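Chain residues, written in single-letter form:
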Amino acid sequence: MLASGNSRWLAIAVTLACLVLVVSTVAVAQGDDLLHVTYFSNNGGTLDQEVRVINPGAYAPSYPPSNLCAMIYVFNNDQELQECCGCLISPDGLLELSVNRNLTSNTFTGIKPANGDIKVVSALPNDFFGGVPCDPTGGGILPNGGYALNIFATPDIRGWSTHVQTDGRITEDELQPATLSEGEIDSLQEECYGIASVGSGFGICAEGVANSSEICN
Amino acid sequence: MLRKRDSRWLSCAVLTVLIVCLAAGIASAQSDFYYLTYYSDALVPGVSGTVHIVNPGTALTKINANGRPLNGNLCADIYVLNNDEQVVECCGCILTPDSERTINIHTNLLGNPDNPRLVTNDGVIKTISATPDPGCDPTGDRGAVRPTPSLRLWATHIQTLPAGFAETEEEFETAPLSSNELLFLENQCSAIFTSGSGPGVCTCGFGD
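Chains as they are written, first to last, in our numbering: chain A, 1 to 217; chain B, 1 to 208.
To be clear, the hints were calculated from the coordinates, so they are not data collected in a lab.
Fair warning: this is a prediction, and the values are worked out from it, not measured in the lab.
Here a beta-carbon is modelled for each residue, glycine too, at the ideal position from N, C-alpha and C.
Partner residues aside, some chain A positions facing chain B, computed with beta carbon under 7 Å:
(1) 165
(2) 191
(3) 194
Please build the complete structure, drawing on both the sequences and the hints.
Below, the structure is given as structure tokens:
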């Protein structure tokens, strides 16, 4: 039999170990559940590809579950940001976007990319300035000259995308989660602000897309 | 003051927590730089699977005043094996943050084998996400490959139907990368680079 003091220490050790496991599991899960990536290919032909994003309603700090923003950043395959936008998705809402018509039809450069990648950051609404519910620029530049960077990434939207392959076939896979680095989220916001501020309307994706469960800006 | 027996249990407790922390850290870090998929029906003319790779910017830590990435490049070190576990081609491909590469399995990964007789209809593609050195050297000859999270990869697969073919898609699977496996891949690739006089080096398709 263990002495009472020993069993207390043992209990503490087991409890701490369990806590560490839970915390590290949650941290890994959350760190990898903020950024979701996919690619597009052979864009601009007769076949189109579709990106679908769902707010599963899992983020529910209070009742009812929270709205979430899908902050969307579209790059060509030369790492140049071509379009960005934010779409508010209500719990259980489904956002459907055409790569050809909604994500690459209004590019910053005026050139429709055939291949590239799409990044979606799951975030809380950031309408802190009375502007748009989901601001992918993160609020732009403050009076002091610094970037506001007010996107608060929050799990856990889910996404899928179809892809047009070179032989004309269409395939589909889910958007893959990836760890969202601080450098990456800052870069996305600042680059998006850059094209939104000098693009004269070009560079904004999904403009006008709206239904009862989502609105994009 | 703690009694001697209490302090021994305290030591055990601390040690347990440390081991769990270490194990959790290693487990989470190890699983995100080694990726696998298969290819199929590679010898069938007119059809080919495709590999797509994205650098999601996970390694990006430095940006300029306009948000432009200043670091965060990653290498996709690619090893193509036939279904008899022999490396037939290997290469290293650079990817800048937010970029995408499109690689044709038939032409880019199997179009220049070290020995054409070794190419089989089906096989395995292994990819390691690594830090550039500053190029991408899959042989480890210029310094060991340094696995670094975390590229994201997809592959389409050609499936045989009773009449014709279908194309399916799946992301690469992650797997733990043992130091022996890494060394084995580096050594096989090094042999190809050293003795192949060009054949055996795959190409990186298009994209940046």
